[in-house]
Amino acid sequence: MIGYAMAITKASAGVPAVPAAEAIMAPELSWAGLILLLPLLSLILCGLCAAAKVTSKLPAVITATALAGAFVTSVFLYLNYQPPGDVIPLLDWMNISWGDGQFESFSANFALYIDSLSLLWIMFVTGLGTLITIYASEYMEPDLGKGYSRFFAGVSVFLFAMAALVLSDNLLMLYLGWEGVGFASYWLIGYYYQRPAAVAAAKKAFIVNRIGDLGLALAVYLIWTTFGTVQYDELMTVLEDGDYRAAFEGWTVSAIPFLLMLAAFGKSAQLPLYVWLPDAMEGPTPVSALIHAATMVTAGIYLVARTYPLFLLEPVSLHVVAWVGGLTALLAATIGMAQYDIKRIMAYSTVSQLGYMFLGLGVLTTYGAAYHVFTHAFFKAVLFLTCGAIMHGFAGQLDLRHLSGLRHMRGWRITAWTMFIGCLCLAGFPFTSGYFSKDAILAEAFVTQGPGFEILGWIAIFTAGLTAYYTFRVWFRVCAGPVAYEPGDELHGEDDHGGEFHPHAPRLAINGVLVLIALGALVAAVPYFMSNTADEHLAGGWVADMVHDSTAREGIPGFHGDAHAGHGDAHPTIFGADPHVAMYWISGTVGMIGLLFAAWLHLWRRSQADAIKAWLLHRAWIGWLPRAMERKWYVDEVYHALIRAPLWILGHILYAFDRFIIDGLLVDSVARIPRGVARCLQPLQSGAVQAMAIVMVGGAAIILLLMALFMQFGWFGGQA
Amino acid sequence: MTDRLWLLIPELVLLAGAVSCAILGVSRSVAIRRLLPAATVVTLLVALAASVFVYVPGAVEAATGPGAVPLPWLGRAVIPITVVVGLVLVLVQAGFVDRVYEMAVASGRTTFDPLRSARGEYYVFFLLSMAGLMLTCAAPDLIWLFLALELTSLPTYVMVAMSRDDRRAQEAAMKYFYLGAMSAAMFLFGFALLYGATGTMVLGDMQAVLAGRMADTGSIGSLAVIGLLLSVLGIGFKLAAVPMHLYAPDVYEGAAAQVTAFLGFVPKASGAIALMLILSLTGWTEEGGSLPPAVLITLWLMAVLTMTLGNIGALLQSNVKRMLAYSSISHSGYMLIGIIAGPGAGFAAVLVYLLAYGLGNTATFAVLASLRAGDHEVESIDDLAGLREKHPGLAWAMAISAGSLLGFPPLMGFWGKLLLFIAGVASGHLVLIVIAGINSAISAWYYLRLVALPLTGTPSSTSGSIERRPYEGPRMAAVACTVLLICLPLLLGSIMSQASDAVVTVDELRNSAGVDE
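Line by line, the protein sequences are chains C and H.
Heads up: the first sequence at position 502 corresponds to 502 in the numbering used here, and the numbers run straight through without jumps.
Heads up: the second sequence at position 417 corresponds to 417 in the numbering used here, and the numbers run straight through without jumps.
Just so you know, the hints here were simulated from the structure itself, not pulled from any lab data.
Be aware that one or more of the hints could be misleading.
Claimed, not checked - Looking from chain H toward chain C, a few residues come up when the C-beta cut is under 8 angstroms (computed):
#1 K175
#2 Y178
#3 A184
#4 L188
#5 S222
#6 L229
#7 V242
#8 P243
#9 M244
#10 T298
#11 V425
#12 V483
#13 I486
#14 L488
#15 L492
#16 G493
Unchecked claim - Covered stretches of chain C, as calculated for chain H (at least 3 residues, CB under 8 angstroms):
#17 40-51
#18 705-711
Note that CB positions come from ideal geometry on N, CA and C, so glycine has one too.
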């Protein structure tokens, strides 16, 4: 505790406790630019495929190859990696200066900032991107020759923008990547653009994200005016020296983390901006898995981790991050419990898990947050991809009331059991990857001192129980029990065999990818046990190593060496035990309780579950609770009433104002002035060459005369 | 002298190219005559390649030796800019030159007569004018400067006259020629006074004399000031700066759109460069010195009046070409800001702006050149309404190039304007920048019409009859310019460093060469 308290007090005095690492310019590593170049190339080739109306799977092959190349490049980069990292210049972009001072220049180049944090992110982004592209090559089959090229072009745009976001060496390039992934997300959510729901969802995602983007734009601007740079290495040096503009220190230093937070909450779907993510499930499922579960939505976590020293300057900001994260986790979990659409349940669970990650950031465990991002990327990808396989095979059926017993059906066993692995990890079943990464966050909530962090810790533990319940509610309903199913509403001719529906089971590409990612989800527990190389005081294995060499190093358990390593009496306890140890037991128990509840209600006594629900709904004192949960706590309705309707009215008022007052009175009359002047001058433009010559020479003569008089009499306070 | 010749290799290449075009143009074979645009392109590319080899650090001797010019490395940026814009300009011309006659020959209605064919001559004039522009930046003395300026302008008079079989083109050419001659007389008179004041024609010596006088008496003397003023006003004609701007609308409207695109860039660039050279004569450098107040006030007035009158004039026009003519006047006003901001950042910003403006301007005229309304060119701006429905590519090119000319981020025009404004603020001319900002806002009124009408307008009966011309050149030029306007900002860093390297003064170059040795 003392260690963390010290970190905050020292940091808030404007001096981060630990000197920032000086990254080294490494132009010889410029082959790393391939990570950006390959997706771009694949975008161009997919565009050409679309233009040439290719009807084969060529676009998928191109994209998968390019992304695999990017993944291999990232791995090479990791193998070449030496702390404290490199800056790889690619292309000069902007170097503007109007003086020699600290605040009289602006530079932002296309350069890559390679430290352990960006490497961690880029490896799972490109790796999962490759696998999900392979999955999508089979999933998108019905669209072959129609939207197939468009889909993979969108995936390429996304990977390009995401790589730019993660690898950029300055906030401006990060901003470009940030906008780029937002655009790619809009593109892909609205992929089925003939469906009004998809178009509305795409618009909703885009508009809600704009609110966050506004925060990011303002934050970049304020960071530049306050610290005089937007490049990470320079920014870290400035923070270390503490020589930023004192005049602004008062409010900008406090405002910056809140603006960054707004951006992160928009992109990573936290309260109050989470509403777009569940709707984003209108996009094709591989997109949901890649963008809206594993990678893009973690950009907010990345942003906060990347700018962590700025958050440490304003401790209140981290408290807000922790509380928003914790409350989002709880709210989304309660909504997820009452939904029937399995993809939406997974979407709410993503929102909930992202809440955990922010909680981790807020309670000073960047390591826990990063580790949870890492494990979540795998197990949530598996869960979405299995949902996608089911949706694909059952003609769009996603309602868990109409699906049952998948594990007994031929061809569906791989889907059922890989989903089981994903569910175990998500539920935090002991010794799965999700168990270790979630514990790191939960325990730290009890260790770190902060306003109500202990309450927050109990909320998070309760939410862990809810998570286990709703996760296994899905699995027990869909995969266990007697075989029963109804097709969805997207029947294709091929499914219809003489009036009887036959689900078509996934084939090689889907099954292969499911198995690989499920294995990844299991193996993701291994880094926890790998030894630390960077610092012997560290706990948490390889991921802690990866966070240690980065800007987010302040939030690693044991980073502040001795104070924490020998915490002893200063360390808070739960039931008299060290939270780190106690949490293994507590969260394991809570998870098992949730799982058993799910098994009781949805496997062994399904009819009883319905009876209980009916009973609850008919009791006035409690009936509102399940109803509100099913209706998502009426958040959409509240937003509609509080924001959309007033905006709609305001828009009409402003339109009328603009139309009649501004346009009618102001603009037209102002525009009349120059036009009037121009009319007066027009006779001079008679077009006769003599008149022109006279005006030209006359004008020159007047100027000469004025200047001669000026020199003679020293007008305007000067002379020749 | 051989050292100086070394620096002139790119210009010599253009001259050689012009001679070969003259020969190719009178060939009886249609296939050979069709090679002319390609020959022009090759000439420009060879000149570009030559400039890369010419402006190497090893050529410092040539640049700083006897008879050195005040800004010896100017060609280093001006030649690439000229070639890039020149290449798209060739595309705009391709296929249109002497089309009527060539079609008559092809259909067998007449037999080919070298005396009547003008295609070869046209490209000769094209290349000669470009050579004049490049020679301007290499001028070591006033006579050279005068000849280079006239070499830039004289071919353009003929090009206007040749541009179409139309009385309006003849009229425009006559006006352009007479008024151009008048302005030449004006700046020649200024040059004569400068010679009288200093006793030398060589720019380097003249700079030394004036700097010495400045150090002794605190002023360069009234005669030299009046000489400078006359030169600035006369050269203002090339830029179409107030009060020498009156010809621009008539000439731009009278000439065919292809030639107007050329007029909008080449003479303007040579005028801006000549101004930089003439003004550095006063010993005005990045480190110190300043313009004589009378010259500064004149330039300031010219800048303010040019951008304001240009923009106000453009507001009134319903004719697209006249509107663009007025708007190009206002762009000269913006460029004068960079000239006022001075050597170093200001001049470098002018060079970047020339590139941005040249591409944007060429793109808008290329769009106009690739459209026709019946037998005529597109006249009214309303004819562009709803262009997107039939020609989406051209509509987008028009919208993006107008956006760039307006200075809409992140297009190239935005960065050009931003650099000019930054240079202006850094040199302390805040009032000028505020006026320029207001002018930019006014220009949004008419530029946004060019963005909105083609993209969102509904086609009317007249705009529905707009067709594409049968040749591809202008369309390709419009697309190429548009792509460049979007993509060049990505290379902004290297463009800016090239531009600031190019405006290094001879003293700085000598100093750094001395340090190296």
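Status of each hint after checking the structure:
no., hint, result
1, K175, "5 angstroms, holds"
2, Y178, "6 angstroms, holds"
3, A184, "13 angstroms, violated"
4, L188, "14 angstroms, violated"
5, S222, "5 angstroms, holds"
6, L229, "6 angstroms, holds"
7, V242, "7 angstroms, holds"
8, P243, "2 angstroms, holds"
9, M244, "5 angstroms, holds"
10, T298, "6 angstroms, holds"
11, V425, "7 angstroms, holds"
12, V483, "13 angstroms, violated"
13, I486, "14 angstroms, violated"
14, L488, "11 angstroms, violated"
15, L492, "6 angstroms, holds"
16, G493, "3 angstroms, holds"
17, 40-51, "violated (count 0)"
18, 705-711, "holds (count 4)"
Hint check: violations occur at hints 3, 4, 12, 13, 14 and 17; the rest are consistent with the structure.
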